[in-house]
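Numbering follows my numbering, in which position 238 of the sequence shown is assigned residue number 239; successive positions increment by one, without gaps.
Worth double-checking, as some hints may not be accurate.
Said to hold, decoys possible - 27 Å max Cα-Cα, derived BS3-like pairs, lysine-lysine:
id: 1; residue 1: LYS224; residue 2: LYS168
id: 2; residue 1: LYS3; residue 2: LYS36
id: 3; residue 1: LYS179; residue 2: LYS238
id: 4; residue 1: LYS85; residue 2: LYS181
id: 5; residue 1: LYS4; residue 2: LYS168
id: 6; residue 1: LYS24; residue 2: LYS85
id: 7; residue 1: LYS243; residue 2: LYS4
id: 8; residue 1: LYS243; residue 2: LYS186
id: 9; residue 1: LYS243; residue 2: LYS6
id: 10; residue 1: LYS92; residue 2: LYS82
id: 11; residue 1: LYS179; residue 2: LYS138
id: 12; residue 1: LYS181; residue 2: LYS238
id: 13; residue 1: LYS24; residue 2: LYS6
id: 14; residue 1: LYS251; residue 2: LYS36
id: 15; residue 1: LYS6; residue 2: LYS197
id: 16; residue 1: LYS168; residue 2: LYS251
id: 17; residue 1: LYS168; residue 2: LYS289
id: 18; residue 1: LYS6; residue 2: LYS84
id: 19; residue 1: LYS238; residue 2: LYS145
id: 20; residue 1: LYS3; residue 2: LYS226
id: 21; residue 1: LYS92; residue 2: LYS145
id: 22; residue 1: LYS92; residue 2: LYS186
id: 23; residue 1: LYS138; residue 2: LYS251
id: 24; residue 1: LYS181; residue 2: LYS224
id: 25; residue 1: LYS36; residue 2: LYS145
id: 26; residue 1: LYS186; residue 2: LYS226
id: 27; residue 1: LYS36; residue 2: LYS84
id: 28; residue 1: LYS145; residue 2: LYS224
id: 29; residue 1: LYS197; residue 2: LYS4
Since the hints were derived computationally from the structure, they do not count as laboratory data.
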Amino acid sequence: MKKIKKVIFPVGGLGTRFLPVTKSLPKEMLPVASKPLIQYAFEEAQNAGIELFLFVTGRNKNTINNHFDHAYELQSVLDEKQKKDELSMVKGWLPDAGSIAFVRQQEPLGLGHAVYCARNFIGNEPFAVILADEMLKCEQGFLKEMVDVYNEYGSPVVGVAEVERDKTNSYGIIDADKLKNNLYKIKNMVEKPDPKDAPSNLSIVGRYILEPEIFDILANQSKGKGGEVQLTDAMIKMLENKDFYALEFKGDRYDCGNQVGFLDANIGYMYDNPEFHYEIKSILGKYK
């Protein structure tokens with residue numbers, strides 16, 4: 002069984018729910034407690050043992066490229082002023098040279114299309130996918146837990162979490178049998194079902210470990226809901242010949258694809274920081 006060493010970050014979306022700021026700034030660069038969303042996702046992948054990182058980008062996404070490069074002038078100034086903590090924030094987490102790549106999606110045709118654009122980078126290896134606007138707060142990193150499941154079972158794994166039943170029409174939902182603790186074997190998946198038709202309230206949370214066979218499916222797949230190429234549809238097809246597992250996330254989940262979830266993430270992360278805890282608590286007290 003091959004090691005999971007590659008990850009795809011689909012970052013080519015338009016971010017329309019955050020306009021006008023996303024006219025010039027990628028949604029993935031919006032900060033949660035001073036760190037951009039995409040950096041949290043990147044560090045989660047690093048913690049899972051990922052070695053090669055691919056960003057599937059679109060127009061006006063050069064800020065992401067720059068964030069994952071050295072800022073030599075800034076680093077020089079910080080070094081001269083002996084600002085070691087700040088210098089570490091700027092470069093301490095950067096990837097090794099040659100371990101990061103970017104491809105253009107060209108058109109925002111959905112998550113499935115973004116993953117398909119990475120086919121030449123992935124080759125014939127299993128790989129991970131992380132959606133940066135789904136923040137999963139977990140001490141060791143949720144992707145690491147998913148990699149452990151893949152290494153044990155040798156089949157694709159998706160991350161899931163419970164959602165309120167009336168919100169199932171915003172997510173991909175699984176139908177599954179529970180195996181143990183927070184691990185399930187998937188029987189079926191449905192993309193954004195009406196609450197009355199949803200097989201469960203377990204939603205896919207933007208973490209996937211997939212195998213390269215999915216590229217052949219995506220190559221011939223028609224557009225699905227929303228006029229986009231849906232990754233869930235391809236996984237449903239793959240499920241006909243392949244076991245799929247789901248690992249349930251139990252920590253704090255923040256849907257930063259919308260403004261309320263993004264605000265919640267900022268409050269949650271800063272509230273848990275001893276430096277800001279009492280100030281945040283005081284501010285929240287004004288809105289009782």
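Cross-check of the supplied hints:
no.	hint	in the structure
1	LYS224 with LYS168	holds, 23 Å
2	LYS3 with LYS36	violated, 32 Å
3	LYS179 with LYS238	holds, 21 Å
4	LYS85 with LYS181	violated, 45 Å
5	LYS4 with LYS168	violated, 35 Å
6	LYS24 with LYS85	violated, 34 Å
7	LYS243 with LYS4	holds, 18 Å
8	LYS243 with LYS186	holds, 11 Å
9	LYS243 with LYS6	holds, 21 Å
10	LYS92 with LYS82	holds, 16 Å
11	LYS179 with LYS138	holds, 23 Å
12	LYS181 with LYS238	holds, 25 Å
13	LYS24 with LYS6	violated, 33 Å
14	LYS251 with LYS36	holds, 23 Å
15	LYS6 with LYS197	violated, 39 Å
16	LYS168 with LYS251	holds, 18 Å
17	LYS168 with LYS289	holds, 26 Å
18	LYS6 with LYS84	violated, 34 Å
19	LYS238 with LYS145	holds, 26 Å
20	LYS3 with LYS226	violated, 33 Å
21	LYS92 with LYS145	holds, 23 Å
22	LYS92 with LYS186	violated, 40 Å
23	LYS138 with LYS251	holds, 9 Å
24	LYS181 with LYS224	violated, 35 Å
25	LYS36 with LYS145	holds, 21 Å
26	LYS186 with LYS226	holds, 25 Å
27	LYS36 with LYS84	holds, 18 Å
28	LYS145 with LYS224	violated, 32 Å
29	LYS197 with LYS4	violated, 40 Å
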